[in-house]
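One line per chain: the protein sequences are A and B, in this order. So for the first sequence, the UniProt record's numbering puts the first residue at 1; every next one is plus one. So for the second sequence, the UniProt record's numbering puts the first residue at 1; every next one is plus one.
What the hints contain is simulated information worked out from the structure, not anything from laboratory work. Treat each hint with caution, since some may be false.
Because identical chains share one entry, a pair is satisfied inside a single copy or across any pair of copies.
Each computed DSSO-like pair below joins lysine-lysine, with the alpha-carbon atoms no more than 30 Å apart [claimed, not checked]:
| # | residue 1 | residue 2 |
| --- | --- | --- |
| 1 | 137 | 457 |
| 2 | 515 | 77 |
| 3 | 549 | 515 |
| 4 | 66 | 56 |
| 5 | 331 | 587 |
| 6 | 66 | 475 |
| 7 | 77 | 66 |
| 8 | 56 | 77 |
The chain contents come next:
There are 2 protein chains.
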Amino acid sequence: MYRAPVEDIAFALNDIAGLSAAIEDGAFPELTPDLVEAILSEAGRFAGEEVAPLAKAGDEQGARLKDAAVTMPDGWKDLYARWCEGGWNALSGPEEFGGQGLPQMLGVAALEMWNSGSMAFALGPTLTMGAVEAIEKHASEELKVLYLPKMVSGEWMGTMNLTEPQAGSDLAALRTRAERAGDGTYRVFGQKIYITFGEHDFTDNIVHLVLARLPDAPAGTRGISLFLVPKFLPDEQGNPGARNDVFCSSLEEKLGIHASPTCTMIYGDGFAKDREPGAVGFLVGEENKGLACMFTMMNNARLAVGMQGVAIAEAAWQKAHAYAIERRQGKAPGFTGEGMAPIVLHPDVQRNLLTMKALTAASRAIAYSCAHATDMARAKQGDAARHWQDRANLLTPVAKAFPTDVGVEVASIGVQVHGGMGFVEETGAAVLYRDARIAPIYEGTNGIQAIDLVVRKLPTGGGDHVAGYIGELRKDAEAVRASNLPEFGRTAEKISAALDDLEATTRFLMDSHEKGYTHAALAGATPYLRLFALAAGAAYLGRGAVASKASDRIALCRFFAENLAGETAALRDRVVDGADSLAEAAKALG
Amino acid sequence: MYRAPVEDIAFALNDIAGLSAAIEDGAFPELTPDLVEAILSEAGRFAGEEVAPLAKAGDEQGARLKDAAVTMPDGWKDLYARWCEGGWNALSGPEEFGGQGLPQMLGVAALEMWNSGSMAFALGPTLTMGAVEAIEKHASEELKVLYLPKMVSGEWMGTMNLTEPQAGSDLAALRTRAERAGDGTYRVFGQKIYITFGEHDFTDNIVHLVLARLPDAPAGTRGISLFLVPKFLPDEQGNPGARNDVFCSSLEEKLGIHASPTCTMIYGDGFAKDREPGAVGFLVGEENKGLACMFTMMNNARLAVGMQGVAIAEAAWQKAHAYAIERRQGKAPGFTGEGMAPIVLHPDVQRNLLTMKALTAASRAIAYSCAHATDMARAKQGDAARHWQDRANLLTPVAKAFPTDVGVEVASIGVQVHGGMGFVEETGAAVLYRDARIAPIYEGTNGIQAIDLVVRKLPTGGGDHVAGYIGELRKDAEAVRASNLPEFGRTAEKISAALDDLEATTRFLMDSHEKGYTHAALAGATPYLRLFALAAGAAYLGRGAVASKASDRIALCRFFAENLAGETAALRDRVVDGADSLAEAAKALG
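Could you build the full structure based on these sequences and the hints that come with them?
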């Protein structure tokens, strides 16, 4: 059973990502180290003792649809109520509407724990938080006052409605339409798919944010508007009133996250018999500026998905480690006990376990560093704020893609460590392998993240920003070297080699892009993102190990540097030398 | 829907693995190129048109247990009957007992196709073929005459009963016991788990091969005997007679291969009320020599599982490729058509597809080369036979582990190419990701394969055998260079670099092992096996490309060499430099 790794999380927040320094620096006046510790411990307790025990039933029962109503698994509605009572939904919500307004770093750390407990459960609140952010930043004061207090407390939940069958990665192809009703409201018509928590029995009302086109909208992404469409229209007291014309028509049968209802939503089909057809919607932001509203929350949403990767990896590592200590098979070198040796003593199993643990730690370090940049952008002003916003923008695609790829890899290794037991659903290793698989796909596929990194983020400041970032990571390598601790082995050398690869490929891709060799830049994006993450991860683990000097942190950092970071050489090769052969071979693909 | 890649398979058999040369050389007097083509085409037709269409229902319905009887999915019993009628079960069975006695290479090629059609279906016959092999090699003439004709035709099926809860990878821990009945027969008592096709409704009888201990057996693996335990004891006409005391007590709920019943089998619990308790068993081979009987069929069983990896990868590649041609999203460089571009034109999607295709091709080349070695060992005499047997022994762990790892990787990329659709079960990409996951585990985990390769196979002939093998692969690199075809780009150079890495790590691991640095050898085994496979795969694809000179084969080989083979450098690093940091970090694992 999952036990929140509060110490590892605090270490990554404070000693790697810079939380304690930021607190000392006065960036978060409301925070003290004690408060941080208290929040992490209590969130960890809730995730481990309340959420995790219901995960299995959730996977087995799943969310069930009948007559447009979705029933959540046994015990889940009650769990959600306890979650709201505990104030967890309000953790990073705006203070003006009842939230605690805590920094992103803490929100993200808590999110990791909820997702390790149950990714299917954590998804609901994650979507609500995204909707809160969009409403807070772009909606009218009237809408905010009406909806935000209930959404921040968790009394109502929120959803994001983007995807349509023909419009997934490419939102320009959206067809859902909205008509002006003449009274300032709109009527929305269309079908949306893959709507997470689009319907459920957790709350009395559900607040849908829906992208749609006005009749006179320009084509493409410049003609998309954002609408708030509640399941029930609030009455004069602000309570759920008339049923709106939005219904869930089906649930997807999915590989994983079975308890998270993935809905097809039908807007304006006339199912609400007592009204004219059309779902009543309220404009959020300006007409035709809907995509910009989405973009302002995209960084946070992407980081939130990245946390799912970290979370699954952590849960998989814990489960495999516990099993490897328990399970006995064969003889292991150096084992002198009775009978068979615990498999944790077999070097090949150790390689698997350490790979899981090291990749998890590196993913966490990258994700928390991204959250730190967002926090600093909010805490600072002027150039400093801009610098940190650039940093958050740079790290976001990496923090989304790498941890979610790692989630799949680590969950797969986790199944392997369990042997035959791993393939049996009862063990609980397989569900992580199933759940993990969605995270590299949604909220922008990892391929799109990589292209975003190369095409939009690297050019920031003419390349100065990423150069400065690599410079900071070089200081970490230097600090490892300067520590003169023999336990680091060849760590400093290996981190430096990875950073050399990062520097060379960064230059190569920027040159390619500037010179119009778009194909090379696009073809190299995915290996580049992984290279970026491995180099940054190695440097971050070095930073933490130097700060803590704990022998296990040094040893894990060294394992990462000497066993995993070396992949950057092959990735560099792929980026710099791979595009031509890719283009040639692709001719046969049709 | 899966369409058997008969041309690719024939190419890998003939131009890479050496089938056509062997036929010319007279190694298979019964075979002609025409016959090979006819068999491949017809097997491909059956796999694509008969097996594949029932795969989905099999996954959804699964095998169901009621009152110790297992019902297979709708249509499956009939499918199996057609399979037997077509003579497919007898393809590589011994001629003496009604089989066609075709070379392993053809058996393996057909097996790939059945597994691409439905891995859950192909598993049953695979187990039967293993049981046939064990009985043919080790059982008494009486048992052979009674059982083999029916098992070769497929009228009865067979199973392998090795695993017990405490004895998975470590068979020394077996507890199932057998007692001498005094009449030459035995009574078997105990529980076996993970028994594939242990119970089903395909056939009137099921022939279990069971490992058990005699009361006076020595401890460990030298005290294990092999017994034949039929579900129904044959009557005097050889038809199913009295019910034996062996029953299926439960089915595992598994991540994948749902239609393959994975049974817990209870022997001798007295369920057969009309008899004394104890399952009637017949000794196969000598008492206490059961494990040796198993070992003689282990190579083939491992290769058969390797084929599952190739098969899943092929099916996943085909599905993703078809989807990428159909699905349109966004703009792609160079696309001048109307509206959105097919995603197959996006370089990042192309990288995914080509990685799938190239890994599949390399896996297939390795697996077929392994089958070729087995065939040659049978066809030749004396030193030549010994040479080819050494080759088969060397390649078997690689042919089991690499393709099954590739199966998981490629199926995962396949889900990714489908985007959100990939996570929805209906699409059929997810089931491949689920099914694939067992193959790296059973028939000896891939970690155990890697250790087998390093500890038992490399030392063959004092290392001369593997050195000779690497020498052959170097000739392939040289042939690419000597072809002087500019389309090969840097292929020759890259294959040579991979072979340098293979040579260096081979020497390092053999030295370590000989000098007693067992830890370093065990810790490096898994990265070494992958390095071995990437280097061999690159050389094999080079061999085929030189032979065929077809532009698409050259381009795919070049893609593999320039984009994928470069991983060997990092793997070499991991093998040579990774063990110390692994040992240090492992101290914290407990």
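Now the hints, each set against the structure:
1. 137 - 457: within (23 Å within a copy, 65 Å between copies)
2. 515 - 77: Intra 56 Å, inter 62 Å, cutoff 30 Å: neither.
3. 549 - 515: neither (46 Å within a copy, 34 Å between copies)
4. 66 - 56: both (22 Å within a copy, 25 Å between copies)
5. 331 - 587: between (51 Å within a copy, 18 Å between copies)
6. 66 - 475: Neither. Shortest intra-copy (58 Å) and inter-copy (65 Å) distances fail the 30 Å Cα cut-off.
7. 77 - 66: Within one copy only: 17 Å inside, 34 Å across.
8. 56 - 77: Within one copy, since 15 Å is at most 30 Å while 34 Å is not.
In this structure, the earlier hints numbered 2, 3 and 6 are contradicted, and the remaining ones agree with it.
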